[in-house]
Structures are given as structure tokens and as C-alpha cells.
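Colleague: Chain B: place on chain A using the hints.
There are 2 protein chains.
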Amino acid sequence: MDEREHGGPACDAAVVLAFSILGKRWNGLIVDVLGGGPRSFVALRRAVDGISDAMLSDRLTELADAGLISRSVEAGPPVAVTYALTPAGQDLVPVLQDLGRWASANLALSVEH
Amino acid sequence: MDEREHGGPACDAAVVLAFSILGKRWNGLIVDVLGGGPRSFVALRRAVDGISDAMLSDRLTELADAGLISRSVEAGPPVAVTYALTPAGQDLVPVLQDLGRWASANLALSVEH
Chain A
119 MDEREHGGPA
129 CDAAVVLAFS
139 ILGKRWNGLI
149 VDVLGGGPRS
159 FVALRRAVDG
169 ISDAMLSDRL
179 TELADAGLIS
189 RSVEAGPPVA
199 VTYALTPAGQ
209 DLVPVLQDLG
219 RWASANLALS
229 VEH
Chain B
119 MDEREHGGPA
129 CDAAVVLAFS
139 ILGKRWNGLI
149 VDVLGGGPRS
159 FVALRRAVDG
169 ISDAMLSDRL
179 TELADAGLIS
189 RSVEAGPPVA
199 VTYALTPAGQ
209 DLVPVLQDLG
219 RWASANLALS
229 VEH
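As they're listed, the protein sequences go chains A and B. Converting from the first sequence to this note's numbering requires adding 118 to each position, the first position being numbered 1. Converting from the second sequence to this note's numbering requires adding 118 to each position, the first position being numbered 1.
Just chain A, same shape as in the assembly (with noise of 0.2 Å):
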């Protein structure tokens, strides 16, 4: 094959943004477990089994800064605070489900679940 150009630079560099947000952990899961549907804060906590609410509380905010979720708050009472994936967050979902499934079958995992 010649050597074709490639995505270069500009490509990596996006490719490298994307890992610095997702390679932190949770936030992969976070973005699977809202690809189900919008979640309540104690919904999201209950299904990011062992994440702290302090934990949970930067990554989303980390995550709504990247454009990834969004945050809708309803007056209550009682108040109720909603967690969703933007556009940008729901056309994420399959890279990362094709990732995910490309880690678990390549990669020699150390840690034991």
C-alpha cells in the first residue's frame, strides 16, 4: 500500500482529547449507563456500582464541560436533577460500546472483577 495521507496531527490531537476525557475512569461508564436514557443523580450513582457521590459530582461536570451531558433541573419540591447525553454524547455511545468490546477481547486485563 503507499503511504496515503492519514488523519496527521490535527487528528491525533482530537484522538488524544477524546482519550484525556474518557481514559479517566468512570467516565466511559457513565456515558454507556446514559446511553439507556436520561438518569437521576441517585440513579447514575446506583449504576456506577463503588463511585463516590463526590466522585460522581466531578465527572459529570467534567463531562457537561466536554458537551457531553447535559443537566435539566425541575423545581420541586422535591427538586429533581436530570442527567442526559447531548447529540455529540449519543453519537459517542457505539465508538465507545465497539472500544469496549475491542479491550475486553485484546488486552490482558490486570484487575480481577
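One should not assume that every hint holds.
Repeated chains share a single entry, so a pair holds when one copy, or any two copies, can fit it.
[Unchecked claim] The calculated SDA-like cross-link candidates involving lysine to any residue, where the alpha carbons are at most 25 Å apart (straight line), are:
1) K142 x E180
2) K142 x G194
3) K142 x S188
4) K142 x A198
5) K142 x S222
6) K142 x P196
7) K142 x V197
8) K142 x A184
In case anyone wonders, no lab produced these hints; they're calculated from the structure.
Modeller: This is chain B only, laid out in the frame that chain A set:
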């Protein structure tokens, strides 16, 4: 939608591991370039614009340790060292390209190219 079971922590761990490898600068680009066929060290350095010899050497070792690329040596003179994707590495290429497309379309890059 109901709260179906997801990949869960084990799947999340696999994705985090994938990101720990691919989240480093150059690694995704190297895999992408090798997706076009085996390359010598010199050809790789030319294709991965801006990388130093030492950095490329480190990255190739890392990708080989993760089982994504293989290294073959033909006795010379001159000695010829060629790098190629393993089957695991080949399976990653389309996933990486999907992720690159998603990131380019959806993430705001602060780096100018």
C-alpha cells in the same frame, strides 16, 4: 427505558486500559499509519510528523508490549527492521478511525494545526 445491565466495571476497566495506551500522544497515530501496511522505522518517523527517534522508539516498544504491533528484523546488511500491526492492532484501526471522526466533529480543539 429500563435500567438494563451494562458492561459494568470489568468492561469499564478494559476501556480505561485501552485509553491508557491510546491516550498517549502519537500512539493512535502510529496505529493508524500502520493500518496502511508495515513500515520501517524511518518511514514511520516520516509519517508521524514531529516525533523524535527516542519517542518513536518508546512508543513502538509500548505498543508491542500491549500486543498491538510486531517487529521483524531481517539480517542485512543493512539490517531492516519493520513494524506491522498484529491482528489485535488491525481490529483496532476502524474503531480508532470512528473515534477520531467523532472527536474531530464534537470536541473543541484548542490546538491549532
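Colleague: For every hint, state whether the structure bears it out.
Modeller: Verification of the supplied hints:
no.	hint	result
1	K142 x E180	both (10 Å within a copy, 20 Å between copies)
2	K142 x G194	neither (33 Å within a copy, 45 Å between copies)
3	K142 x S188	within (19 Å within a copy, 28 Å between copies)
4	K142 x A198	neither (27 Å within a copy, 39 Å between copies)
5	K142 x S222	both (17 Å within a copy, 20 Å between copies)
6	K142 x P196	neither (32 Å within a copy, 44 Å between copies)
7	K142 x V197	neither (29 Å within a copy, 41 Å between copies)
8	K142 x A184	both (13 Å within a copy, 19 Å between copies)
The structure fails hints 2, 4, 6 and 7 (numbered hints given earlier, in ascending order).
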